[in-house]
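Chemist: Given chain A, work out where chain B should sit, using these hints.
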Amino acid sequence: AQTVTQSQPEMSVQEAETVTLSCTYDTSESDYYLFWYKQPPSRQMILVIRQEAYKQQNATENRFSVNFQKAAKSFSLKISDSQLGDAAMYFCAHPGGSQGNLIFGKGTKLSVKP
Amino acid sequence: EAGVTQSPTHLIKTRGQQVTLRCSPISGHTSVYWYQQALGLGLQFLLWYDEGEERNRGNFPPRFSGRQFPNYSSELNVNALELEDSALYLCASSRHTGLVTGELFFGEGSRLTVL
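The listed protein sequences correspond, in order, to chains A and B. Just so you know, the first sequence maps onto residues 1 to 114 in the numbering used here. Just so you know, the second sequence maps onto residues 1001 to 1115 in the numbering used here.
Among the hints, erroneous ones may be present.
[As the list claims (entries may be wrong)] Listed below are several chain B residues computed to face chain A (Cβ distance under 10 Å; list not exhaustive):
| id | residue |
| --- | --- |
| 1 | G1003 |
| 2 | G1040 |
| 3 | L1041 |
| 4 | G1042 |
| 5 | N1077 |
| 6 | N1079 |
| 7 | A1087 |
| 8 | L1090 |
| 9 | A1092 |
| 10 | F1105 |
| 11 | R1111 |
Because the hints were derived from the structure by calculation, they are not lab data. These numbers were taken from a predicted model, which means no experiment stands behind them. Just so it is clear, CB atoms sit at the ideal spot from N, CA and C, and this is done for glycine as well.
Next comes chain A alone, as it looks inside the complex:
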């Protein structure tokens, strides 16, 4: 079964510090994409970063980067220089194979302390 697991329901980080959110997944696919989405308190989900499984290089988007360990099926998100606006729910997601839909983890609520 295709699953996505986020083991940290809540995390907290001091402003300007670095935080890492964990995600593991299970898939039988050999080539796939992985996603991190952010849901601020206003509720609209937005894509933060995307990783292609066949690329060994970890994806980066400004202060956001991933640590992708394909053999371990691990896909963590690192947020550097945390800002107050980073406070949100973060969801890891994986396409459900040929099903055509994204499978999401239960999310991690990130708080940023000033």
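Modeler: Coordinates of chain B only, in the frame set by chain A:
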């Protein structure tokens, strides 16, 4: 460019009633996805429509149904509402069918409360 729009934003219903939620995708997007976000459960996949056809559905009872119109907008219908249907219902659209590489664009959701 307008984003994904959903209506209504909030609604309150009682057990046994029926509800219809609406979604307009981004122009040019043919795929529409519905997700249920209940407290503590993350996003649960409900339905996927593309080109007017239902392509896949999640593990939900038949009282959850929907359709996609020729202009690619979509409706989600929930019959015989139960208390546990209280949730945020999110609609998302995508340019590509069979999402593998594409990004989902989400609306702000419809908050349903069942009393």
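Chemist: Could you tell me which of the numbered hints above are not met by this structure, giving the numbers in increasing order?
Modeler: Violated: hints 5, 6, 7.
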